[in-house]
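Chains A and B, in that order, are what the protein sequence lines are. First residue of the first sequence: 1, per the working numbering; consecutive thereafter. First residue of the second sequence: 268, per the working numbering; consecutive thereafter.
Heads up, simulated PhoX-like pairs for lysine-lysine below, C-alpha to C-alpha not over 20 angstroms straight-line: (1) A:K172 / B:K279; (2) A:K172 / A:K260; (3) A:K172 / B:K282; (4) A:K2 / B:K362; (5) B:K343 / A:K260; (6) A:K256 / B:K362; (7) A:K260 / B:K279; (8) A:K260 / B:K362; (9) A:K260 / B:K345; (10) B:K296 / B:K282; (11) B:K510 / B:K588.
Simulated DEER-style distance windows between Cβ atoms: (12) B:D407 / A:R261: 40 to 46 angstroms; (13) B:E303 / A:T186: 38 to 44 angstroms; (14) A:L241 / B:V455: 56 to 62 angstroms; (15) B:L422 / A:P122: 30 to 36 angstroms.
These are computed hints drawn from the structure, not numbers from a lab. For every residue, glycine included, the Cβ atom is placed at its ideal position computed from N, Cα and C.
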Amino acid sequence: MKPYISALRVRFLNGLQYRAAALGGLTTQFFWGAMAIFLYQAFYQSGSQPQAFKYSELVTYIWLQQAFLALIMLYDWDYELFDMITSGNISYELCRPCHIYGLWYTKLLSKRLASATLRFSPIVIIALLLPTPYRLSLPHSIMSFLLFIITMILGLLLLVAISMLIYISVFKTMSPVGSMAFIGITGEFFSGMTIPIPLMPQWLQRVCYIMPFRWTADLPLRIYSGNIRVEQGLVSIGVQLLWILILVSVGSIMMKRITKRVVVQGG
Amino acid sequence: MIRVEGLCKTFKVPKRPAGIKAAAKALFKREYIEIEALREVSFNITAGEVVGYIGPNGAGKSTTIKVMSGILVPDKGKCEILGRTPWDDRIAHVKDIGVVFGQRSQLMWDIPVIDSFELLRDIYRVPDNQYRVNLSKLRDILDLGDILENPVRQLSLGQRMRCEIAASLLHNPKILFLDEPTIGLDAVSKIAVRRFIKDINRENGVTVILTTHDMGDVEALTDRILLIGKGEILFDGSFNKLKSSYNSYSILTVDHSGCDNAPTIANTSMLSNINGRMVLQVDTKHRSISSVINQLSDILEIRDISVETRPIEEIIAALYKEYHI
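Turn these sequences into a full structure, and let the hints guide you.
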């Protein structure tokens, strides 16, 4: 385990030094969150039926989404890994006494952790201080807060397992653009990052529930606000674990196969 | 220690003619050409050797190195290094080898070199005390004193290459593969790198296999040369053997006190003879230099004499030409 933990640590420290990127991200996420909240306010006020997803729950959902974006957003690519594959620098990775899957998994994990560490607290603090309709509420209960943390961590592990599949696909396609757009946009939509899942029509919600994506973002955010009850939340931990198991196994088998056929040209 | 037998590797490279029509066609059906990078490559290397692996661009040098370091899987053939097959037993195998790819970097760009070193220490599970000993030794001989705390992006190429070499030796590998370790380096760094390679070979008994286009590297370092061209091993032997078998002539320059009619000397050709300086090309395969000098001293009063052998670069170029590679 030591090599992987060390890789995690070094990458994490490396990620912490990009202050300007963090500041830029912070501003974007804050304004994006505010914009979404005003937009939904207009919808909620003009709608005739009461929504299953309360406005206060939605506001909390959006602030958490923006604060922890790096942990729940599929769209957070590590171009260094893409470059490594297309430029051939992967040669060095293959000379290490480590499993590439594990090594890259930790790299992606640490990048997300570093970027979330720099960004989440200012957004959370500001959102907690805003006036009432726009404020980030406190967690529904202590139990749901604990469950929020657990499902968030598992969701992150699942998210990284999903994104690993994109990196593996680049071995075949040599350009990340296609897989990034395809899996990125699909994943974003079905994880409720575009429109919160409770606001989708019933049939679409059902589609979301059979895919892996919503267990990464939608689940922890709704547990926090109490929209998903604790008993339901406990069951979903099992589903998350199952998805992690499936996707990590699929990913590492694919990685093992594809690195046997890797072609590093030149130099 | 290293046994390579009948290694073959073919790459499939997509090709298409120029133009829009061909590009549209390639969307549906790709055409490939097959390139044979290695054809039945075989050799043995024993522990403690320093082997220069030379050949023109695209000859298959890097491909062989990549097969031996477990990165590429060959189509056919056997390779046994320290009793293991690199691609079957990759993780166990790479613990015993160090690799430097001169054209790539293994150090992380934005963080100090020492952080990359510590990561490698953990990746290779090098015990702490051994790491400290290795690091201080490498720091001394590669003169890394002040640069270890600098981010890699701030280093010059020579400094970076010295760090790259140090990075690949932190785990005491038994075999070191160097793929163009002196590419782009200035004279001072080159000499430092060469001296270092010699040292670790002599003191730690590390087996070194290096590919290079710099014949100076080969001359300074290697006891043995493997010449590869178009995927085949063309020559395997000592540097001196290569020199003597392909060094077919020497140039003899003689300053003399004057001689009007040019003498005819067997197995030589006169390149020039003006103002008391005669330049002769001697066919050393058929006649020794000393017998030519003897004959000259009988007919001329020699003031000064100098002999130049054919430059090594030229020998290699002639070799490539001879083998049509």
